[in-house]
Structures are given as structure tokens and as C-alpha cells.
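Starting from the given sequences, assemble the full structure and let the hints guide the process.
First residue of the sequence shown: 1, per the working numbering; consecutive thereafter.
Keep in mind that the hints were calculated from the coordinates and are not lab data.
Bear in mind that the values here come from a model prediction, so they are computed numbers and not experimental data.
Some clues are possibly wrong.
Stated by the list, open to error - With a straight-line Cα cutoff of 27 Å, these simulated DSSO-like cross-link-like pairs (lysine-lysine) come out: (1) K53 x K69; (2) K40 x K69; (3) K35 x K58; (4) K42 x K69; (5) K35 x K53; (6) K69 x K49; (7) K40 x K53; (8) K35 x K49.
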Amino acid sequence: MDFEDLWEDLGIRIGPFGFGFHGQGRPVRYTRTEKFHVLKIKINPDVKKEEIKVRLTKPGVLEIEWPRKVEGEEIPVE
Numbered sequence: 001m002d003f004e005d006l007w008e009d010l011g012i013r014i015g016p017f018g019f020g021f022h023g024q025g026r027p028v029r030y031t032r033t034e035k036f037h038v039l040k041i042k043i044n045p046d047v048k049k050e051e052i053k054v055r056l057t058k059p060g061v062l063e064i065e066w067p068r069k070v071e072g073e074e075i076p077v078e
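Below, the structure is given as C-alpha cells:
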């Protein structure tokens, strides 16, 4: 883990938008700058850029899709 990941995992924010401290393991993080909103989502690092689909489904709703990690074998039951 590099310093930037550690800094983000701890959730330390110092600046005009407040100070916060959060524990590790938060998969979704929202921040903002003076001009933008930023939503950061941690997903499986094995997922390739080409496998991620992002679409605006209707005004104000953003949908993000990526493949699930398959563990084990699916066995049909009859």
C-alpha cells in the first residue's frame, strides 16, 4: 500500500470542506473540490478498463457496471 492509498483509506481531509477521519475498508468515497464532485469506488483490481460500462440512465442517475468475480463452480440442480 502506498502513502496515497493509506491517506485515502484513513479519510483524512483538511481544507475548506472540513476535517474527517474514517476507518479503513470504505469501498465508496465522496469528496468535492471547488468545481467538481468526485465519487471513488473501489472494485476488484483484476477488472480491466474495457469491462467497465458507465451510462447516464436518466437525468441525474449514473449507472456503473463491471463483471462479478466468480468463485467456485455453479452446479445446476434438477
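*asked:* Need the list of violated hint numbers for this structure, in ascending order.
replied: none
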